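Asker: Generate the whole structure from the sequences, applying the supplied hints.
So the sequence shown is numbered by this note's numbering: it starts at 5 and just counts up by one.
It is possible that part of the hints are untrue.
[As the list claims (entries may be wrong)] Result set (DSSO-like, lysine-lysine): computed pairs, CA atoms no more than 27 Å apart in a straight line: (1) K185 / K156; (2) K188 / K49; (3) K272 / K49.
[Said to hold, decoys possible] Simulated restraints on C-beta separations: (4) R236 / D200: 27 to 37 Å; (5) N312 / A81: 45 to 55 Å; (6) G203 / K297: 16 to 26 Å; (7) H289 / G55: 44 to 54 Å.
Keep in mind the hints are simulated off the structure, nothing from the lab.
Model, not experiment: these values are computed from the prediction.
Quick reminder that beta carbons are idealized off the backbone N, C-alpha and C, glycines included.
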Amino acid sequence: MKRRTFLAGSGGVVAWPSLARAQKVPRVGYVVAGDPEPGWTLFRKAMADLGYVQGRSITYEYAAIGGDAANADALVAPLVRRPVDLIVAVFTPAIAAARRATTTIPIVFSGGGALDTGMLRNIARPEANLTGVFNPAAALAGKAIELFREIKPATRLLGVVANQPDPFHVVMMGAVEAAAKAGKFDVAPVFIRSADELGPAIDMLAARRVDGVLVQPSVGLQAAAVNAMRHRLPAFSFRRGIAESGGLFSYSPDNAEVTRILAGYVDKVLKGTRIADLPAQELAHFELVVNLKTARTLGLTPSAMFLNRADEVIE
Numbered sequence: 005m006k007r008r009t010f011l012a013g014s015g016g017v018v019a020w021p022s023l024a025r026a027q028k029v030p031r032v033g034y035v036v037a038g039d040p041e042p043g044w045t046l047f048r049k050a051m052a053d054l055g056y057v058q059g060r061s062i063t064y065e066y067a068a069i070g071g072d073a074a075n076a077d078a079l080v081a082p083l084v085r086r087p088v089d090l091i092v093a094v095f096t097p098a099i100a101a102a103r104r105a106t107t108t109i110p111i112v113f114s115g116g117g118a119l120d121t122g123m124l125r126n127i128a129r130p131e132a133n134l135t136g137v138f139n140p141a142a143a144l145a146g147k148a149i150e151l152f153r154e155i156k157p158a159t160r161l162l163g164v165v166a167n168q169p170d171p172f173h174v175v176m177m178g179a180v181e182a183a184a185k186a187g188k189f190d191v192a193p194v195f196i197r198s199a200d201e202l203g204p205a206i207d208m209l210a211a212r213r214v215d216g217v218l219v220q221p222s223v224g225l226q227a228a229a230v231n232a233m234r235h236r237l238p239a240f241s242f243r244r245g246i247a248e249s250g251g252l253f254s255y256s257p258d259n260a261e262v263t264r265i266l267a268g269y270v271d272k273v274l275k276g277t278r279i280a281d282l283p284a285q286e287l288a289h290f291e292l293v294v295n296l297k298t299a300r301t302l303g304l305t306p307s308a309m310f311l312n313r314a315d316e317v318i319e
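Answerer: Next up, the structure:
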């Protein structure tokens, strides 16, 4: 299912970097790939905690790319034309599209792909108009595979759903191939270009009798979990949404922590801080969420040691 949402707020146009001197309400664009929630709600709450009242001291313009990364440019372009005063970009397709669309509007991002794909080159002193919070996403993919093999140590063939229009898929597949070589198992990757291809991709992997499926987050984790369960396939990823939607587990950043950091960056930029003076921040804390209900449905039994390491167990 394609999700393309655009909600326009009202507010004045303010030129960066003189935002702190503006008298009109700043307008912030928020563009996200993959599943928009809970990040969108958490971000607005974090901004409210900093004193920003929607419609009075800030307005938002929201664009959801969903699993259709190829459409990212078309969804970001209206934000730049208005223009918004700042763009929050979540996940690599959104970051890449925002970066292509503007070199002047400040961009605050969340996602490992900005560093892994070379869009962010200077962490300590960001260049141009891009800074934010990143995670070692390629390493997280490798760790997620390691955790899956603790649950299914006899894994011989691992399915992977990769989002081809998302630049991060190349980096992710490198991590997957390295894990496969070290673990002496084979990989069955399927590269999709739109959300419509997700269901057929998982059908194909089920036909190949894969032991499990690693899902790239930007394809849409809710739909991936539902489709995997149709075939009784354990699905996992390095974003929490897969576990919450019925997948086996996730190993990922803490969404609440990420959005608090994002809101802090936005607050500073709106008050006049230059992007170059806001070092990008690497996340150091990650959480393991295990869906024990799904494990039982699939006939899997995570060890007590595995469950004791989990930050959250869904039953």
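Asker: Given the hint that K185 pairs with K156, test it: the Cα-Cα distance must not exceed 27 Å.
Answerer: With a Cα-Cα distance of about 17 Å, the restraint between K185 and K156 holds, given a limit of 27 Å.
Asker: Holds or violated: are the alpha carbons of K272 and K49 at most 27 Å from each other?
Answerer: holds, 17 Å
Asker: Does the Cβ distance between R236 and D200 fall inside 27 to 37 Å?
Answerer: violated, 23 Å
Asker: Is 44 to 54 Å respected by the C-beta to C-beta distance linking H289 and G55?
Answerer: violated, 26 Å
Asker: How does the Cβ-Cβ distance of N312 and A81 compare with 45 to 55 Å: does it lie in that range?
Answerer: holds, 48 Å
Asker: With a cut-off of 27 Å on the C-alpha distance, tell me whether K188 and K49 pass.
Answerer: violated, 45 Å
Asker: For the hint 16 to 26 Å, verify it against the beta carbon of G203 and that of K297.
Answerer: At roughly 22 Å between Cβ atoms, K297 and G203 fall inside 16 to 26 Å, so the hint holds.
When held up to the earlier numbered hints, the structure conflicts with 2, 4 and 7 and fits the remainder.
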